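Engineer: Chain by chain, the residues run as shown.
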Amino acid sequence: MRQATRSTLCLLFLYANVAGAEEPSLPPGLGGSEPSLPAGLGVDEPALPAGLDNLPVKIPANDTAASDWKELLPFDFTGYAEARLGTRLQSDTAEKTASIGEARLHLGANKSWESTTANLTGDFLYDPVLDRHSVELESGEGWFDLREANLLFRPTDFSDIKIGRQILTWGTGDLIFINDLFPKDWNSFFIGRDEEYLKAPSDALKIALFHEFANLDIVYTPRFDSDRFIDGRRITYFNQNAGNIVGRNLPVLVDKPSRRFSEDEIALRLHRMINAYETALYFYDGYWKSPNGQDAASGLFTFPVLSVYGASIRGPLAGGIGNAELGYYDSRDYSSGNDPLIRNSEWRLLVGYERELLPEFTGSVQYYLERMENHDAYRASLPAGVFTKDKNRHVITVRLTKLLINQNLTLSLFNFYSPSDEDGYLRPKINYKLDDNWTLETGGNLFFGKRNETFFGQFEDNSNVYVSVRYGF
Amino acid sequence: MKKCILFSALAMFMAQPAFALSIDEIVARANHAAYYQGADGKAKVQMVITDKQGRERSRNFTILRKDVDDAGDTEQKFYVYFSRPADVNKTAFLVWKQIDKDDDRWLYLPALDLVKRIAASDERTSFVGSHFFYEDVSGRTPSEDRHELVEETDNYYVLKSTPKNLKLVEFAYYKNWIHKTTFIPVKTEFYDTSGKAYRTYDALKVDTINGFPTVTRSKMTDTNIGGFTVMGYSKVNYDIGLPEDIFSERYLRAAPRQYLR
Numbered sequence: 001m002r003q004a005t006r007s008t009l010c011l012l013f014l015y016a017n018v019a020g021a022e023e024p025s026l027p028p029g030l031g032g033s034e035p036s037l038p039a040g041l042g043v044d045e046p047a048l049p050a051g052l053d054n055l056p057v058k059i060p061a062n063d064t065a066a067s068d069w070k071e072l073l074p075f076d077f078t079g080y081a082e083a084r085l086g087t088r089l090q091s092d093t094a095e096k097t098a099s100i101g102e103a104r105l106h107l108g109a110n111k112s113w114e115s116t117t118a119n120l121t122g123d124f125l126y127d128p129v130l131d132r133h134s135v136e137l138e139s140g141e142g143w144f145d146l147r148e149a150n151l152l153f154r155p156t157d158f159s160d161i162k163i164g165r166q167i168l169t170w171g172t173g174d175l176i177f178i179n180d181l182f183p184k185d186w187n188s189f190f191i192g193r194d195e196e197y198l199k200a201p202s203d204a205l206k207i208a209l210f211h212e213f214a215n216l217d218i219v220y221t222p223r224f225d226s227d228r229f230i231d232g233r234r235i236t237y238f239n240q241n242a243g244n245i246v247g248r249n250l251p252v253l254v255d256k257p258s259r260r261f262s263e264d265e266i267a268l269r270l271h272r273m274i275n276a277y278e279t280a281l282y283f284y285d286g287y288w289k290s291p292n293g294q295d296a297a298s299g300l301f302t303f304p305v306l307s308v309y310g311a312s313i314r315g316p317l318a319g320g321i322g323n324a325e326l327g328y329y330d331s332r333d334y335s336s337g338n339d340p341l342i343r344n345s346e347w348r349l350l351v352g353y354e355r356e357l358l359p360e361f362t363g364s365v366q367y368y369l370e371r372m373e374n375h376d377a378y379r380a381s382l383p384a385g386v387f388t389k390d391k392n393r394h395v396i397t398v399r400l401t402k403l404l405i406n407q408n409l410t411l412s413l414f415n416f417y418s419p420s421d422e423d424g425y426l427r428p429k430i431n432y433k434l435d436d437n438w439t440l441e442t443g444g445n446l447f448f449g450k451r452n453e454t455f456f457g458q459f460e461d462n463s464n465v466y467v468s469v470r471y472g473f
Numbered sequence: 001m002k003k004c005i006l007f008s009a010l011a012m013f014m015a016q017p018a019f020a021l022s023i024d025e026i027v028a029r030a031n032h033a034a035y036y037q038g039a040d041g042k043a044k045v046q047m048v049i050t051d052k053q054g055r056e057r058s059r060n061f062t063i064l065r066k067d068v069d070d071a072g073d074t075e076q077k078f079y080v081y082f083s084r085p086a087d088v089n090k091t092a093f094l095v096w097k098q099i100d101k102d103d104d105r106w107l108y109l110p111a112l113d114l115v116k117r118i119a120a121s122d123e124r125t126s127f128v129g130s131h132f133f134y135e136d137v138s139g140r141t142p143s144e145d146r147h148e149l150v151e152e153t154d155n156y157y158v159l160k161s162t163p164k165n166l167k168l169v170e171f172a173y174y175k176n177w178i179h180k181t182t183f184i185p186v187k188t189e190f191y192d193t194s195g196k197a198y199r200t201y202d203a204l205k206v207d208t209i210n211g212f213p214t215v216t217r218s219k220m221t222d223t224n225i226g227g228f229t230v231m232g233y234s235k236v237n238y239d240i241g242l243p244e245d246i247f248s249e250r251y252l253r254a255a256p257r258q259y260l261r
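Chains as they are written, first to last, in the numbering used here: chain A, 1 to 473; chain B, 1 to 261.
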């Protein structure tokens, strides 16, 4: 009886197979007796004869040997080893010719429990371009840079808390930051480290509260975390006092706010989606992130008090993504702009647009404005003959990104150009993923400008090119 | 013996339904079977990309999906969390799939803590460097094509679908073999203007999970690009009760680990 059924089904199947000679064979699971048919259709499909499912299938390897050992660890582990070499394109008497000569081992571990995640990420590095190698965790100097050491937990379903050393980012700009006043590492950026190193860590408490009406992020940094600013030890800069470009011969010496719980920072972001548009309001209370003042008595550079009020919006626009961001920088120490040693208050504005121009080819443009308040008072306070900043600093950026060879080769170009300062900064880069582990990269940091005193112009002698090889695991 | 006759009759009946489904219904059911089963779902995906030189690259990720409009099979939200290769570990990708306008997409880069809004791209560009296009992963809107039933076999409805706007796609038409009982698209062939099939999707394995027949291994071959990609699905689960707020900036920055295991 059962035999008869089977042969009938077999015949039926054979008939079907002859009738539809070009049709695809049923994949295992559809044809075999295995997947039970949906309720109500309780009839088994004819069993597929052996060999029909014998397609030239490349079964995905379960795990490559190289990553097997990671499965054995009780935590998630990842990292890379990298060598990165770079050289200046012109001789610079104030710096070494090599711009970077770095060996780096980046290790990251994280472990999750029910509602808590612990993150630990650090970089071991050695670079003979620098003369000092002792570890300074706060400034990231030396042979070890602790990038993350934090706990993330969800005390309630409407809040996330992250405490400890962490990387923080918000705002809408592409390599331009208005309301993101978390520390940046401009040295890393200018010497051609991976873009991720532009963000320096904060030692902070982040409380994120979520509500239907809006979400609120509160970031409290008990002790001011400055930028890893340009201080002359790696990158030369224009020193107003010296009236010239200086470097290792005259590093920036600072008097930095560093009293815990009194010289602190707070940053707030109130944000919500309105349809497809991300909108946000921001507030910051702390200090200028890079030295923007000077103590007349000691000559030390300072970080004047700063409050920032801002807003942003980002969303779809004409087949791409548009964004706009505004911020008012209230330099509260400057007292109406007649102190030339403290930076004036200013407005900052950014509008940007990005879209795919062709398949795998994306372009974006941004317009950025810094508009100084009380420019007349500032000008009047300067001694005669000294370089005077314009009231408005305009910057236009363009980014072009092209992916090739199954997205393994990335060609990218980012250019800052300021028509008012007549200077700029070009960042070409080629990145090739040789396989799942090896990545090769080469690129440049090319500064240009008519004058030594302008923002990008002062870095002209730091123009450099670099190559890197990375093994990720 | 009686049982056997009944059995065969049923099988015959199924193979040649007396009241044939309309083409739109077949298309709608196939679309549902491929992309909308359950109100939400989760899968771990292992992708192996083999290029034309035979070199392999892998992508491992977990994908979470929730139907915003479960009854209508339209808007959906996707959350993709990468674990391998090392350079994309912990990167998260969020998509709000729209029907009559561009999808909304975000990418989270953990090393920078950066939530990046991604410009809508051509739906027919590679998904993470594989031979699968974005559209293959999230579904092509059925109303973008005109469908005709070109053949009906015991196992399949064979549909030919011609795009209404040829300028938006690289193919002239495609043929789809839709399994009659499950409505799973078992094979799709894309043809160029000269009538040559250059791109083929094959469902290699189907498992029934939580009552839903599910493709658990599939392959995309593209002779224009050269090479092929195989996707293997594991830990598939449906109707797990994913809250919609998983698909938001909050969970880009702090991955929803309990749903990613």
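Keep in mind that a hint or two might mislead.
What the hints assert, rightly or not - Which residues of chain A face chain B? A partial, calculated answer using Cβ under 8 Å:
| hint | residue |
| --- | --- |
| 1 | Leu26 |
| 2 | Asn406 |
| 3 | Thr410 |
| 4 | Gly472 |
Treat the hints as calculated values from the structure; they're not laboratory data. Computed from a predicted model, the values in this text were never measured in an experiment. Note that the Cβ used here is the ideal one computed from N, Cα and C, for glycine as well.
Engineer: Hints first: check each against the structure and report whether it holds.
Structural biologist: Here is what the structure says about each hint:
1. Leu26: Given a least distance of 6 Å, the restraint on Leu26(A) holds.
2. Asn406: Since chain B brings a Cβ to about 5 Å from Asn406(A), closer than 8 Å, the hint holds.
3. Thr410: violated, 11 Å
4. Gly472: holds, 3 Å
Hint 3 alone, counting from the list given before, is not met by this structure.
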